[in-house]
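Peer 1: For reference, the chains in residue letters:
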Amino acid sequence: MLLIRCPYCNAERPEVEFVYAGEAHIVRPVDPSQTDDDQWRDHLYVRNNARGLHFERWRHIHGCARFFNALRDTVSDKFVTTYKAGLPRPRIEDIKESM
Amino acid sequence: MTKAHRIVGRGRIDASRPVHFTFNGVEYQGYRGDTLASALMANGVHLVGRSFKYHRPRGILGAGSEEPNALVGVTHGQGRFEPNTRATMLEIYPGLATRSQNHWPSLKWDVGAINDALYMLFSAGFYYKTFMWPKAFWTKVYEPFIRRAAGLGTAPFEPDPDSYASRFAHCDILVVGGGPAGIAAALAAGRAGAKVILVDEHADLGGSLLSETDATIAGLTGQQWLDEALAALADLPNVTLLSRTTAIGYYHENFVGLCERITDHLEHSSVGTPRERLWKVRAGQVVLAQGSIERPLVFDGNDRPGVMLAGAARTYLNRYGVTVGERAVVVTSHDSAWLAAFDMAKAGVKVEAIVDLRSDPSVDLQERARVLGIQILVGWTVTGTRGRLRIKSVRVCPVDLGGDAHILSCDVLLMCGGWTPSLHLFSHSMGKLRWDESEQRFLPGDHVEASRTVGAGNGSFGLAAALAEGDQAGAAAARELGYDSAPATYQVNGEFALSGRYFNELPTDRNPGKAKAFVDFQNDVTAKDIRLAVREGFRSIEHVKRYTTNGMATDQGKTSNMNGLAIAADAVGRPMPEVGLTTFRPPYTPTTFGAFAGYARNGLFEVTRKTPIDQWAESEGAIFEPVSLWRRAWYFPKAGETMHAAVARECAAVRSSIGMFDASTLGKIEVVGPDAAEFMNRLYTNPWTKLAPGRCKYGLLLGEDGFIRDDGVIGRLAQDRFHVTTTTGGAARVLNMMEDYLQTEWPDLKVWLTSTTEQWAVIALNGPNSRKLLEPLVEGIDLSDEQLPHMAVAEGSICGIPTRLFRVSFTGERGYEVNVPARYGRAVWETLYESGQEYGIVAYGTETMHVLRAEKGYIIIGQDTDGTLTPNDAGLGWTIGKTKPDFVGKRSLARPDMLKDDRKQLVGLLTSDPTVILEEGAQIVFDPDQPIPMRMVGHVTSSYWSESLGRSIALAVIEAGSRRIGEVVHIPMPDRTHAAVISQTVFFDPQNSRINA
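These protein sequence lines map, in sequence, to chains D and Z.
Each residue of the first sequence is one higher than the one before, starting from 1 at the first, in our numbering.
Each residue of the second sequence is one higher than the one before, starting from 1001 at the first, in our numbering.
Worth flagging that the hints you see were computed from the coordinates, not collected in a lab.
Virtual Cβ for every residue (Gly too), placed ideally from N, Cα, C.
Watch out, some of these pointers could steer you wrong.
As the list claims (entries may be wrong) - SDA-like cross-link-like pairs, simulated, lysine to any residue; straight-line CA separation at most 20 angstroms:
| no. | chain 1 | residue 1 | chain 2 | residue 2 |
| --- | --- | --- | --- | --- |
| 1 | Z | LYS1884 | D | PRO29 |
| 2 | D | LYS84 | Z | GLN1743 |
| 3 | Z | LYS1750 | D | CYS64 |
| 4 | Z | LYS1280 | D | PRO14 |
| 5 | D | LYS84 | D | LEU71 |
| 6 | Z | LYS1890 | D | TRP40 |
| 7 | D | LYS78 | Z | ARG1585 |
| 8 | Z | LYS1884 | D | VAL30 |
| 9 | D | LYS84 | Z | ARG1282 |
| 10 | Z | LYS1750 | D | ALA85 |
| 11 | D | LYS78 | Z | ASP1740 |
| 12 | D | LYS78 | Z | ALA1450 |
| 13 | Z | LYS1280 | D | LEU2 |
| 14 | Z | LYS1280 | D | GLU12 |
| 15 | Z | LYS1900 | D | ASP38 |
| 16 | Z | LYS1890 | D | ASP36 |
| 17 | Z | LYS1890 | D | GLN39 |
| 18 | Z | LYS1884 | D | TRP40 |
| 19 | Z | LYS1432 | D | GLY52 |
| 20 | D | LYS78 | Z | GLY1284 |
| 21 | D | LYS78 | Z | LYS1890 |
| 22 | D | LYS78 | Z | GLY1431 |
| 23 | Z | LYS1750 | D | ARG66 |
| 24 | Z | LYS1890 | D | LEU71 |
| 25 | D | LYS78 | Z | SER1427 |
| 26 | D | LYS84 | Z | LYS1280 |
| 27 | Z | LYS1900 | D | TRP40 |
| 28 | Z | LYS1890 | D | HIS43 |
| 29 | Z | LYS1890 | D | LEU44 |
| 30 | Z | LYS1750 | D | ALA65 |
| 31 | Z | LYS1280 | D | PHE18 |
| 32 | Z | LYS1432 | D | THR74 |
| 33 | Z | LYS1516 | Z | VAL1396 |
| 34 | D | LYS84 | Z | LEU1749 |
What the hints assert, rightly or not - If we take Cβ atoms under 10 angstroms as the criterion, some of the chain Z residues that face chain D in the derived model are:
| no. | residue |
| --- | --- |
| 35 | TYR1251 |
| 36 | HIS1252 |
| 37 | GLU1704 |
| 38 | ASP1740 |
| 39 | GLU1745 |
| 40 | THR1883 |
All chains, please: the whole structure from these sequences, using the hints.
Peer 2: What follows is the structure in structure tokens.
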């Protein structure tokens, strides 16, 4: 069972306190009516399904109930980092250097 | 009763405590400290079961948890039958009743053994081949036969009377395996001050030390040193010792599951003592000291009772004081079996011969054997065994097949094909295995978790190596956690350096096509089966495993995987590491469902949510139904009344006078804040800006994909406050969706969301007399149709209790929903019920609610919709705010697929025979005479008897249904195919005149 650091509680807690909430940084268009059918299809359904590092959303559902973002390795399952919703995607190169 | 096989005083059993137990109804005597296996063999019993497929007589192969053969059924008392218990792990106690499995009518004479003679029918993949023709035989003959024959043992059918505990634990260092390596690790870490848990699956900690006879540690015998070490560990308050505890799985970030067996070895246990306890341990560092598992040799007849692992025989002798036979032959490709032979010979067992497949075993060993008078056959092989229920003789001949075969008489054949490091937990932790070419074995590669593997599990065979590695690992793990640790040294003397070689099937001068050389004893897989699978085209070891079922039994191939891989690799013609080992998965050994369930049983497994009015309904004799986690009153039968009659009566009361309904389970979310209306505009399809405070609206919620997710009446209490209701099952989902958008897409909106589902009790009053009932009880609210019209909400009080009073209807009748704080729900309900007697008020349940709403064509999300219906599909296009620039799901409604004219749409159905009630879920076809398989064009979503209309009604989704009103469709049901006319969804009062009646 993974340990996950909630960036709002700033505490490491077991996985059972959290739920997964899909890929991160998929921004809803400000005006969806301006997207064409293909763009909107991609927004709705097309996901990275990355093997390896993956940006994703989690929710500390049995804690502070906040949604936050994470970088996780889908091969090892482990979290590389977590950060607050709305913050920019961290550069993977920076993280690798600090690892 | 014979004592011939017991050396009293030897081993660790308690000779002062005899224990009487039964096996197949026969009483035997053993001692406290015996396992069933040791006690049976002390009584000369080797035949303990029949095999899975061929029903061949089987004995005891090993002495540990890897045992594939000796599986028995155990009764621990009433309701406590357990099948497939390994006799090697089952501790005996007075009164223990056990029995053998997989035979009829008896263990010694079994009809199913005919399978053994028909072995050619049961080769690899037999279930894909043998039972193919004729086709008609499948359901009548083959399947019933296979179902009766399949399965190991017999499942218990009574509820489990035992309780099971579970707990979390945190420690610095978890040591798995209580052999010399594990003990040395625990001593090093414990003495450094670290918080240590040491677990071992056996009753006694000690592992190989329990059967060690040769070597000394610091001048002490292995057993003396063990006692001192355990005493030292017990004295350390920071060390927890857990015996009878199996580490069943190793999960992420050093999370390890342990299953502790608490009462199974006891004659009596106090009431309330859990049978087992699941430990969920989070460790800073893990030390894996699981040891190694002895590998059988693969030759014709290697499964006969009396053929067993040499190391197991040594364990039975030195740990339990049991000689497994009187006349032994040893066959081996590894030095360790020689030591077993020496111990046996010294204990008075006649060792007929040591047959070593190698041409060059150590001269020292050969010399020792000669001193003990043991015949040595170096470079020889075993080519067969004889004996019906117990081995009687072994056929041996030179490996180069250049000489005559000999027949050696024996009553046990001890074999050793080398040792396999136990890598199961390491693999659970996603550690990759490393191939050790020189020793032809897999070893742990890089550790993924903060862990170390030591001792035989790390390929470091022998006592000195185990102690040294264990000590180093325990100290290093402690240091990593910040403890100071000093290395210990263990002076080991008298240890013999052991080595060996590995063989596939043993060389034979006979026809290998007729050999029954077993690789997987539990699943009855032979070497021939594996080669056949490869010949038939299976190359991947994962496919070979599944096709032959090698390693797929309850022992997960602990004794068979490596032999199976070696033979498969040989057949494929590729090196073993390229063919690869199959994946180890938790649990390490079979684990009870009880242990996993722990406390989570019955009401603690799934809570039953009850409304404040639930107890009233119960006392009124309501029948309940589950709705998500809630239990809801389904209907309220009077004495002797059928469900049909009760629902008809309840429906009639609502339509003619008044009915009351507990709607407390409705999801409720308070949406508050200066941007509340904007938030609602963006989320729901409807326009909210112009909704005046005090007014309500039917809200429809879509997913971003445009499909209906939820609905409910939403009241605006103030400019900045909405009382949102959701479906009973959808409350948590809707709140999650709201939070998601609010937190991540529109964090700028000033809105607060609060779940208020359980804060309000909701009493729905429906029927023409509902206003009359309410009027005298309500204060501060004008109930006139002008002041409180349909779809309005007002705050005031009822019976002196503050209320939010909604004028809404889910029945088509004049309706009110009285919201009061939950703790007053029952009192207000009872008052309304009392006062309503004047109007013949009737309490109704969910079934009547469903019928009444269906008569009006009101949908139920999840019943009439299934996640593929758009608002237009459901006839709810009118809810969409046409001038709103955007809301969740709006863009999707313009996708090409959403605009197709053959989408399934919600319609009504009126059966040609008005008494026929269609089955919900039944498929619909246009042409009932088309060939099967017919083209299905929709399905029935709701179907009821309508008392008001005197006929059945149904809702359905049908392709282009809204264009087909008046057309006839057909619904095939089990008895016959029914015709029905497509209609509008509103069956009753289409003018909506009753809403103000």
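Peer 1: Given ASP1740 (chain Z) was flagged as interface, is its beta-carbon under 10 angstroms from a beta-carbon of chain D?
Peer 2: holds (6 angstroms)
Peer 1: Quickly compare the C-alpha distance for LYS1900 (chain Z) and ASP38 (chain D) to 20 angstroms and report which way the hint goes.
Peer 2: Answer holds: LYS1900 (chain Z) to ASP38 (chain D) is near 17 angstroms, not above 20 angstroms.
Peer 1: Is it true that the CA of LYS1280 (chain Z) sits at most 20 angstroms from the CA of PRO14 (chain D)?
Peer 2: With a Cα-Cα distance of about 12 angstroms, the restraint between LYS1280 (chain Z) and PRO14 (chain D) holds, given a limit of 20 angstroms.
Peer 1: Checking one constraint from the list: CA of LYS78 (chain D) to CA of GLY1431 (chain Z), max 20 angstroms. Satisfied?
Peer 2: Measuring from Cα to Cα gives roughly 14 angstroms; hence the hint holds.
Peer 1: Given the proposed pairing of LYS1750 (chain Z) with CYS64 (chain D), does the C-alpha separation stay at or below 20 angstroms?
Peer 2: holds (19 angstroms)
Peer 1: Would you check the hint for LYS78 (chain D) and ARG1585 (chain Z), treating anything up to 20 angstroms between C-alpha atoms as holding?
Peer 2: The given pair, whose Cα atoms are some 19 angstroms apart, holds under the 20 angstroms limit.
Peer 1: Is the interface hint satisfied for GLU1704 (chain Z)? The criterion is a beta-carbon contact with chain D at less than 10 angstroms.
Peer 2: holds (6 angstroms)
Peer 1: Do the numbers back the hint for THR1883 (chain Z), that is, is its least Cβ distance to chain D under 10 angstroms?
Peer 2: Since the shortest Cβ distance to chain D is 13 angstroms, the answer is violated.
Peer 1: Between the alpha carbons of LYS1280 (chain Z) and GLU12 (chain D), is the straight-line distance 20 angstroms or under?
Peer 2: Given pair LYS1280 (chain Z), GLU12 (chain D) holds - Cα atoms ~17 angstroms apart, limit 20 angstroms.
Peer 1: Tell me if the straight-line CA distance from LYS1750 (chain Z) to ARG66 (chain D) falls inside 20 angstroms.
Peer 2: holds (16 angstroms)
Peer 1: Are the Cα atoms of LYS1900 (chain Z) and TRP40 (chain D) separated by 20 angstroms or less?
Peer 2: holds (18 angstroms)
Peer 1: Holds or violated: LYS78 (chain D) and ASP1740 (chain Z), Cα atoms, limit 20 angstroms.
Peer 2: violated (24 angstroms)
In the structure shown, a violation is registered for the earlier hints numbered 9, 11, 21, 24, 26, 40, in ascending order.
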